[in-house]
Amino acid sequence: MKCELNQNGGELTAALYGEIDQHCADEIREQIDRELDIKNIFSLIIDLKNVGFMDSSGLGLIMGRYKKIKARGGKMKIVGLTPKTDRLLEMSGIKKLIDKE
Amino acid sequence: MKNYMKLEIPSKSVNEAFARAAVGAFAAQTDLNVEELADIKTSVSEAVTNSIIHGYRNERGIIYIECGLSEKDGKCMIEVTVRDEGCGIADIEKAMEPLFTTAADEERSGMGFTVMQSFMDSLKVTSEPGTGTTVTMTKQIGVGADD
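Order-wise, the sequence lines are chains A and B. All the letters of the first sequence, read from the start, carry residue numbers 6 to 106 under our numbering. All the letters of the second sequence, read from the start, carry residue numbers 1325 to 1471 under our numbering.
The shape of chain A in the complex, shown without the other chains (with noise of 0.2 Å):
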């Protein structure tokens, strides 16, 4: 399992774990959208801390996260950050765009 998600009233928190790349960022996107869509979330919650490899197919998975949860008044807030994910989110300009902690 590459994303765990949990609930907490509106607050949505996804976890991901191992390597992400372009092969599993649609299923993760997938996962992700389903509960965006079907409950009444308006926080989301990226946990990177289990990440041990992202490329920018991860970046793109969450700047359209960004964008979704952004779309409908929501906020989203990244955490668990690494050396390794926070230069290429640096890189993508998003950083400026999110909490993170």
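None of these hints come from the bench; they were simulated from the model. Do not rely on the hints blindly, as some may be mistaken.
[To be verified] EDC-like mimics (lysine to aspartate or glutamate), calculated; alpha carbons at most 16 Å apart, straight line: (1) B/1336 <-> A/31; (2) B/1448 <-> B/1390; (3) A/73 <-> B/1431; (4) A/73 <-> B/1359; (5) A/72 <-> A/91; (6) A/72 <-> B/1430; (7) A/89 <-> B/1359; (8) A/72 <-> B/1431; (9) A/73 <-> B/1429; (10) A/72 <-> B/1429.
[As the list claims (entries may be wrong)] To give an idea of the chain A side of the interface with chain B (calculated C-beta under 8 Å), a few residues: (11) 58; (12) 65; (13) 66.
Remember, predicted model here, so these are calculated numbers, not experimental data. For glycine and all other residues, C-beta sits at the position ideal for the given N, C-alpha and C.
Start from chain A and add chain B according to the hints.
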């Protein structure tokens, strides 16, 4: 240290992980640190993903990967070439712009070439529409940040 390897894989997304692991395993014979290894693996992942999604547009094709190790000024240098015989890139300059993507509706970040450029020392892209694309990247080992 002179060495090389060649790899041929079908353009299946499941092979992205294999390709970067294989190149990483080859590179591991040098005294590279964890950061350098991660940079190389990420760059390979980007190039291979590009070939699968953009080069072959998710159709079947073959991706050719070549790695070479050489020595320059007493430092080890790795060169990685990822080649496809896919649709090619009409405007390479445009394709290499940060955040530019031809597949925005598929939620591509448009950061693939930018990542390769930042993580490697040099990046060369040659392409011809209808013929394919070759990405050549080099990185000197043991000059980056300490482990």
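Out of the numbered hints, which ones does the structure contradict?
-> 4, 5
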